[in-house]
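**Q** Construct the complete structure from the given sequences, taking the supplied hints into account.
These protein sequence lines map, in sequence, to chains Z and U. Per our numbering, the first sequence starts with residue 1, numbered consecutively. Per our numbering, the second sequence starts with residue 315, numbered consecutively.
Treat the hints with care, as some may be off.
[Said to hold, decoys possible] One side only, chain Z facing chain U, incomplete, derived with CB under 7 Å:
#1 30
#2 32
#3 44
#4 46
#5 47
#6 48
#7 171
#8 172
#9 190
#10 211
[Claimed, not checked] Listing some non-contacts, in silico: residues in chain U with all C-beta distances to chain Z over 10 Å:
#11 361
#12 397
#13 439
Since the hints were made in silico from the structure, they are not lab data. Ideal placement from N, C-alpha and C gives every residue a C-beta, glycine not left out.
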Amino acid sequence: MTTTFHPPPCTPSSDRVLAWNGIRIAYPQSWEVTGIRDRYLMLEDREGPALDLRWEVHDGAGKYGADLDQLARKLQKSGLSIRPPDHFPIKWQSPAAWHTDPDATPVPFVWSATPQGRDCIGCLLRFPLPGVTAVLRIHRDPTPANLSRAAGIISSLKIFPEQGPVPWKIYDIAYSVPPLFRLSSFSLQPGHYRFIHAGKGVQLLYDRIGPASIVLQNSSLREWTARFHGLKKSSDFDADKEQESTHSILWSTSRKRDPVPPSGLARFFRGARRWRGAVWIPPGKNMILAVTLSAASLPSDHLFHEVCSSYVLV
Amino acid sequence: MSWFDSFRRPPAEPLPALTRGRALACIPRKNSMVREQRQENGLIRLTYPMAARPFIAGLARKLGKNTRPTLKRLDLDEMGTFVWERIDGHRPVQGLVDEFRAVYGVHSREAEVAMSTFLRDLGRRGLIGMDEAQPGRDI
Numbered sequence: 001m002t003t004t005f006h007p008p009p010c011t012p013s014s015d016r017v018l019a020w021n022g023i024r025i026a027y028p029q030s031w032e033v034t035g036i037r038d039r040y041l042m043l044e045d046r047e048g049p050a051l052d053l054r055w056e057v058h059d060g061a062g063k064y065g066a067d068l069d070q071l072a073r074k075l076q077k078s079g080l081s082i083r084p085p086d087h088f089p090i091k092w093q094s095p096a097a098w099h100t101d102p103d104a105t106p107v108p109f110v111w112s113a114t115p116q117g118r119d120c121i122g123c124l125l126r127f128p129l130p131g132v133t134a135v136l137r138i139h140r141d142p143t144p145a146n147l148s149r150a151a152g153i154i155s156s157l158k159i160f161p162e163q164g165p166v167p168w169k170i171y172d173i174a175y176s177v178p179p180l181f182r183l184s185s186f187s188l189q190p191g192h193y194r195f196i197h198a199g200k201g202v203q204l205l206y207d208r209i210g211p212a213s214i215v216l217q218n219s220s221l222r223e224w225t226a227r228f229h230g231l232k233k234s235s236d237f238d239a240d241k242e243q244e245s246t247h248s249i250l251w252s253t254s255r256k257r258d259p260v261p262p263s264g265l266a267r268f269f270r271g272a273r274r275w276r277g278a279v280w281i282p283p284g285k286n287m288i289l290a291v292t293l294s295a296a297s298l299p300s301d302h303l304f305h306e307v308c309s310s311y312v313l314v
Numbered sequence: 315m316s317w318f319d320s321f322r323r324p325p326a327e328p329l330p331a332l333t334r335g336r337a338l339a340c341i342p343r344k345n346s347m348v349r350e351q352r353q354e355n356g357l358i359r360l361t362y363p364m365a366a367r368p369f370i371a372g373l374a375r376k377l378g379k380n381t382r383p384t385l386k387r388l389d390l391d392e393m394g395t396f397v398w399e400r401i402d403g404h405r406p407v408q409g410l411v412d413e414f415r416a417v418y419g420v421h422s423r424e425a426e427v428a429m430s431t432f433l434r435d436l437g438r439r440g441l442i443g444m445d446e447a448q449p450g451r452d453i
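**A** Structure below.
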C-alpha cells in the first residue's frame, strides 16, 4: 500500500505563528493560546482544548528519548493512557507521514484521559541535535481531517537552541532574544505583559503596557517612565536622544536595586548595577513598549539597540 | 457495597462543561435593582443593595436591629464605564469583547480575559446575571 499524501501547508499567511521558549509552531486562525507555562502551551478553539504541547530540553539521550513505553509510563502517573496507533489509517502509522523536521524522530500515538475515554491523537518528537523532546497532543478524534491538521501543525514545529538568537512571538508581541539568554520569569496580565530573560550577569526585561491612552491619562510618556522605573533625576534621561515626535524615551541610571532581586546570598554581595532602558509607543498603536537592561557593567549599545529594534507589536 | 453505602448521598451530577464558545455567547443582563448615576467626569457610579449574610441577618433580627439591605457603591473607571454602557441585554460577551478590542487596540485574548474578569466581578456583586437564552428577556 502506498503511503504518499500531502499534509495541508501550515504557512504564516493562513495560520498564526507562536514562538515560545525555543520552539515555533503554526496553528489555525480560529485557535487561541489559553495556557502558558515555561515549557507548556495549551491552545483552544471555541469547543474547548484543541492542542497541548510540552517539551523538555536535555543533554545526550534525554529523559524518555523516543521510546513510547517510557513516555506511557511517565504520563500514566497523571492518569493518561497511551498506546500505539494501531487503528489509525495505515498511512498515518508511518512516522514519515508526519512530515516533521528531517532531524526529528516522530512517534505517533493514541491517548485518552481515562482507560475508557475517547481516543485522541498525539505525537512524540525527539530532536537529537538541540536535545529536545516534545509531546504534542491533539484533543480531537483521529479522523482523516484531524490527522491531516495534526500533521500540518507538527510539520511546522521548529526548535531554536539557545546558543543562537531565539525568536519569541506571543499574542501581539514579537522579539528576538540574544544568544545564551534564558527565560527567567514571565507574567501575562491584561494590560501588562512582562518577560524577564537572564544571561550571564545580565537581566533583560520586556514590558508591554496598555492601553496607552488609559495608562498615560494626562501625563507625558516621560513622566510616566519616571514613575514606572522610579527615575528621580532628570539627568537619568538621554535628553539628546529623546524623540518626542516618535514617542520614545531613552534612559540610563545606576543603583543597587535589581529589576528582579537575586535570591539567596547573592543579594548581600552585590554592588551597584547599571540600568539602561527604552520606552516607546509604536506609531499608530495604543501600547507602550519598554525594554530594560540591567548588569554590573552594561554590554555594548549595539546589543541594546538590536534588542529594542527586534521588539515589535504585530 | 455495604449496607452503609445505601445511606450515602449519591454523587452530584457533574455540571455540563461550559466551553469557551458557549461562555462567549452568553448575554450579560443588568440587575434592575442597580441604580446608575453619571458623575461630572463622565464616569458611572453604581448603587446596589447588598443583603447581609443569613446568619448575620438572623442575629440582627434577634437583637431587634435593622435588617434592611445596605446600599453599596461602585465607581467604574473609564473602561468599566465603556463596558457597562454596552450591557443592554442583547449584546453577547463576544460582542463586548470585539468592541472593547476595537476601541482600545488590545489583543483579542487579552480583551477576552479582561472582560471575563470584569463581568465575573460584576456578577459576584450581583450587578449582572448571565443568560444563555434568547436576547431581550428580563431577569
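**Q** Evaluate each hint against the coordinates.
**A** Against the structure, the hints:
1. About 10 Å separates the beta-carbon of residue 30 of chain Z from the nearest beta-carbon of chain U, more than 7 Å, and the hint is not met.
2. Using the Cβ-Cβ criterion of 7 Å, the hint placing residue 32 of chain Z at the interface with chain U is satisfied: the shortest such distance is roughly 5 Å.
3. The closest approach between the C-beta of residue 44 of chain Z and any C-beta of chain U is roughly 6 Å, which is under the 7 Å cut-off, so the hint is satisfied.
4. Contact between residue 46 of chain Z and chain U, as hinted, is supported at the beta carbon level, the nearest pair being about 3 Å apart and thus within 7 Å.
5. Interface hint status for residue 47 of chain Z: upheld, as the beta-carbon distance to the closest one in chain U is roughly 6 Å, under 7 Å.
6. The interface hint given for residue 48 of chain Z holds, since its Cβ lies 5 Å from the closest Cβ of chain U, which is under the 7 Å cut-off.
7. The criterion of a C-beta within 7 Å of any C-beta in chain U is met by residue 171 of chain Z, whose closest approach is roughly 5 Å, and the hint holds.
8. Checking residue 172 of chain Z against chain U: minimum C-beta separation of about 4 Å stays under 7 Å; hint holds.
9. Contact between residue 190 of chain Z and chain U, as hinted, is supported at the beta carbon level, the nearest pair being about 4 Å apart and thus within 7 Å.
10. Here the hint on residue 211 of chain Z is kept, as its CB sits about 4 Å from the closest CB of chain U, short of 7 Å.
11. For residue 361 of chain U, the condition that its CB be more than 10 Å from all CB atoms of chain Z holds, with the nearest at approximately 25 Å.
12. Distance check for residue 397 of chain U against chain Z: the nearest CB is about 13 Å away, which clears 10 Å, and the non-interface claim stands.
13. At roughly 19 Å from the closest C-beta of chain Z, the C-beta of residue 439 of chain U stays outside 10 Å, upholding its exclusion from the interface.
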